[in-house]
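Enquirer: Chain by chain, the residues:
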Amino acid sequence: MKARLPGIALVLIAAVYGMQVLKIPVPSADALEAMTPRTLPAVLAVALGFIGLVMVVRPASSETSMEASLSGASNVWLRAVGLLLLGLLFAMLIDPLGVLFASALILALALYLMGIRRPVVLIGVSLGFSASLWLLLVVVLGLFLHPGDLWTADV
Amino acid sequence: MFEGLDIGIQTAFTPFNVLMVMTGCFAGTFVGMLPGLGPATAVALMVPVTYSLDPAAALILMAGVYYGAAFGGSTSSILINAPGDSSSAVTTFDGYPLARQGRAGKALAIAAWASFSGGMLSAGALLFAAPLLSIVALSFQSPDYFVLMLMGLTAVSALSGPGQVLRSYAMAILGMMLATIGTDGISGVPRLTFGQLELIDGLSFLLIAMATYALAEVLLVVLQNKAPPENAVHTTHLRDLVLERNEIREIAPAIGRHSLLGFFIGVLPGAGATLASFLSYAVEKKFAGAGARPPFGHGNLRGVAAPESANNAASTGAFVPLLTLGIPGSGTTAIMLGALIAHGLQPGPRLYVDHPEVFWSVIVSMFLGNLMLLVINLPMTPWLARLLRVPQPVLMPVVMMFCLLGVYLVSFDAMDILVMIIIAVAAVALRWLQFPLAPLLLGFVLGGYLEDNLQRTLILYDGGWQFLWERPASLVMAVATLVFVGWSLLRRNQATGL
Amino acid sequence: MLERLLVTLVVWVFCAPAAHASASPEELHFLIPGGAGGGWDTTARAAGAALLSAGLVAQVSYENRSGAGGAKGFAYMLDRRARSEAVLMVSSTPILVRTLRPEFQQNWRQLTPVGAVIGDFGALMVRADAPWPNLEELIKALQCNPRSIKFAGGSNRGDLDHLILAAAFEAFGLSPRDARYVPYGAGGAATLALLSGETPAMAATIGDAMGPIQDSAIRVLAVASPERLQQLPDVPTFNELGFDFEFLNWRGFFAVPDLEQATLHEWTSLLEALSRAPAWQQEMQRHGWIPVTHRGPEFAAYLDRQEIQIRRLLKALEAPR
Chain P
30 MKARLPGIAL VLIAAVYGMQ VLKIPVPSAD ALEAMTPRTL PAVLAVALGF
80 IGLVMVVRPA SSETSMEASL SGASNVWLRA VGLLLLGLLF AMLIDPLGVL
130 FASALILALA LYLMGIRRPV VLIGVSLGFS ASLWLLLVVV LGLFLHPGDL
180 WTADV
Chain Z
9 MFEGLDIGIQ TAFTPFNVLM VMTGCFAGTF VGMLPGLGPA TAVALMVPVT
59 YSLDPAAALI LMAGVYYGAA FGGSTSSILI NAPGDSSSAV TTFDGYPLAR
109 QGRAGKALAI AAWASFSGGM LSAGALLFAA PLLSIVALSF QSPDYFVLML
159 MGLTAVSALS GPGQVLRSYA MAILGMMLAT IGTDGISGVP RLTFGQLELI
209 DGLSFLLIAM ATYALAEVLL VVLQNKAPPE NAVHTTHLRD LVLERNEIRE
259 IAPAIGRHSL LGFFIGVLPG AGATLASFLS YAVEKKFAGA GARPPFGHGN
309 LRGVAAPESA NNAASTGAFV PLLTLGIPGS GTTAIMLGAL IAHGLQPGPR
359 LYVDHPEVFW SVIVSMFLGN LMLLVINLPM TPWLARLLRV PQPVLMPVVM
409 MFCLLGVYLV SFDAMDILVM IIIAVAAVAL RWLQFPLAPL LLGFVLGGYL
459 EDNLQRTLIL YDGGWQFLWE RPASLVMAVA TLVFVGWSLL RRNQATGL
Chain X
-3 MLERLLVTLV VWVFCAPAAH ASASPEELHF LIPGGAGGGW DTTARAAGAA
47 LLSAGLVAQV SYENRSGAGG AKGFAYMLDR RARSEAVLMV SSTPILVRTL
97 RPEFQQNWRQ LTPVGAVIGD FGALMVRADA PWPNLEELIK ALQCNPRSIK
147 FAGGSNRGDL DHLILAAAFE AFGLSPRDAR YVPYGAGGAA TLALLSGETP
197 AMAATIGDAM GPIQDSAIRV LAVASPERLQ QLPDVPTFNE LGFDFEFLNW
247 RGFFAVPDLE QATLHEWTSL LEALSRAPAW QQEMQRHGWI PVTHRGPEFA
297 AYLDRQEIQI RRLLKALEAP R
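The listed protein sequences derive, respectively, from chains P, Z and X. In this text, residue positions in the first sequence follow the working numbering: the first is 30, and each later residue adds one. In this text, residue positions in the second sequence follow the working numbering: the first is 9, and each later residue adds one. In this text, residue positions in the third sequence follow the working numbering: the first is -3, and each later residue adds one.
The shape of chain P in the complex, shown without the other chains:
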């Protein structure tokens, strides 16, 4: 089963993509052309599905799994998932807080998650990184970074 997993994954991707392709609108002016906005996506879906099927039918024999190289420890998974969640949090905070504060906050949290406990490193790295990047972008390069809704909204 494990050997057939990659092939199955491809067939699934091709099927989902193919279903989305059917929803692509074709303007009536385009319908007369040899190639419409749907043509290439449809070809791609079929091709990927075909490769997937071949891989299901004839799975590669010499599988050297990466599983062995992944550490089994649960705290490792916790950390990885935690980093991802922090990334999502960053996406949510960047508009309200602005680049400077959002990046400093998330970076400090990520460092804490990775096991850094010394306040000097926590604050130094996060603030140092964010502030220096911000200064470079805004002051040296003169780029406009929105200061953050939280500071500008309630006037």
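Derived by calculation from the structure, the hints in this document are not laboratory data. Just to be clear, a hint being listed does not mean it is correct.
Said to hold, decoys possible - Sample of chain Z residues facing chain P (criterion: CB under 10 Å; computed from the structure):
(1) L392
(2) L395
(3) P399
(4) C411
(5) Y416
(6) F420
(7) F443
Note that the Cβ used here is the ideal one computed from N, Cα and C, for glycine as well.
Dock chains Z and X against the given chain P, drawing on the hints supplied.
Expert: For chains Z and X alone, coordinates are given in the frame of chain P:
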């Protein structure tokens, strides 16, 4: 031409213009290193400054920023697997493994020397043949671009490891699927956007490259929870910056080949430096054959030298259509064109007749600029390589933040961060299932070009395919593609008996 | 440098709310819905620089919010409503085309049109060695077989350059559906296609091909402007050849929704002052821009008319043959 050269040297070597070259190269290097800020933004930021300069100085400054960014882009590719600009994405393939093996200094030095040589050689080509080369740029039409992209797709098999051809093609198709997201370049119809305004422009190559390489690598390093190999923390010594004779012998032919290839691709207004770096990597891998030690993708020096010389040569080549036809081949050269027009200059066939000092001085300044870039970049490498001595638990969050911010700076849209995280998770899963990711990037780069050019070609030929044999350039490339595919199939059958 | 750093720090982190509070010409913020270095960006920055040097405003800032052909910047503008009146978004004719497409739930009427300052006119062009010496010959050829001539253009199907071609076909008494339009990614790419012989003709705005036109590599058959252009005095307009149509790609500014009448008046007189400022004259000269004057309510009325024209053309392109 010698008259022109004389004017060029006189203009380019005035103290002020030398200062402009220096400023441009410095700014370009640093902007190039930052993910998210590419040459286009850097040049655009320079435009208001150039209004106060004379046209020659303005173009010299902008050109310096442009090729400086291509020069500096490799740094973050090598050190943290995050390409500083899209044309440096290929440099991660071998540059980052080298850094993991403790040879970051060597990789940076090779990248610097390759970029330097690529820039110098193509500046030479520009000097001797720019007006002639405009014919090349004019003779390539949509059908030829389509066949060129098709030929590029055969590079997929070159990008794949042994026994992975099927998986590689699957990934290339997946990359092309990602490229179909967004507005169709011909009909203007939004595709696979799920009604999201944010997806109408499609995904940026930089987002895909950073997600699948840099961010996925952060996750894998955390998941594998392993310390970097002992020797990775070794300091880079100054002697690493001087290449040994056998290293020179190894990379010099590669640099020669790919400066030429990159320059040629750069001259074509419909291609670009990113494509050039991919093609040169694939070609070099084919050239080296299966016996390359270490294998490509595992820290081969030629795997760094080839794309780095190609992308620099391509950004220089892009000046051919800009200066001789007044046609921008990329977003960055379009900005430069706008700035030149604002100076009352109209680049085109008459530029080197009407304003020889501008035309020749920018070419001459490239020699000076590349020399300066080498002088700026080489001594920095030991310092930059020291970054890797930062302990893993500190470095990984910083790299993650670097990626997230880099993507945000491209679009100023928080949604892109979300998309990036999703793609990074998918990339980790794909790597766990033993799929190679390089073909995905190639498929993404080629997919859009391939489809647009084919759709356009079929409108031009009213649905017919006769361009394949009617147009000489298309015919030659189509035959080459067929021969290549047939040859590799034949060889595979002999090798595996399948 | 240090001074600039301190000022920026103070303004951005602490005084940002106060600075964005009121609509006084003391400070002006340009929202640019496209990338740095593009047409919108150049227009806004040139206008800002001219306003500064003419002493009409004290401080100008620029913000690029590119994406979805300007729709992202538009959405941002709607979103900003309560926050600041001292924001002008730069825009151009494609905003009308966009807002007529189903995937954008936006309409320019949601914002307050302030005025158009410059423009570029549509034109039909051919390569210098093309077999049609003038518009009349081209029309003759098209009347024989409207699908025989392919026209390059720098925008998607159904977008600006295609509409120029459709408007021309309509004026010639041909069906816009029969026009063979070949879309290229940008005006430069379309110009190259024309130069390289990929297509024999092109429908685009004049600015896209100004260089080759001046080099006489490309010939303009007619331009869709009300009067002959200063830069091209020998090129006839469609109107004088007896085809009644104009096609303008204006560039101008929009303010936040529901702007008060007094504030709108303030903005329009600012644009008025801008158009007279020597610094702006110089900028226009420099970029080869053609001045356009549509201000305030009159601009809104112009947009109404242009929207009717575009809607009709889009319908004609989609109608069954």
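Enquirer: If a hint holds in the structure, say so; if it doesn't, say that too.
Expert: For each hint, the structure was consulted:
| no. | hint | in the structure |
| --- | --- | --- |
| 1 | L392 | violated, 15 Å |
| 2 | L395 | violated, 12 Å |
| 3 | P399 | holds, 9 Å |
| 4 | C411 | holds, 9 Å |
| 5 | Y416 | holds, 6 Å |
| 6 | F420 | holds, 8 Å |
| 7 | F443 | holds, 7 Å |
Checked against the numbered hints above, the structure violates hints 1, 2; every other hint is satisfied.
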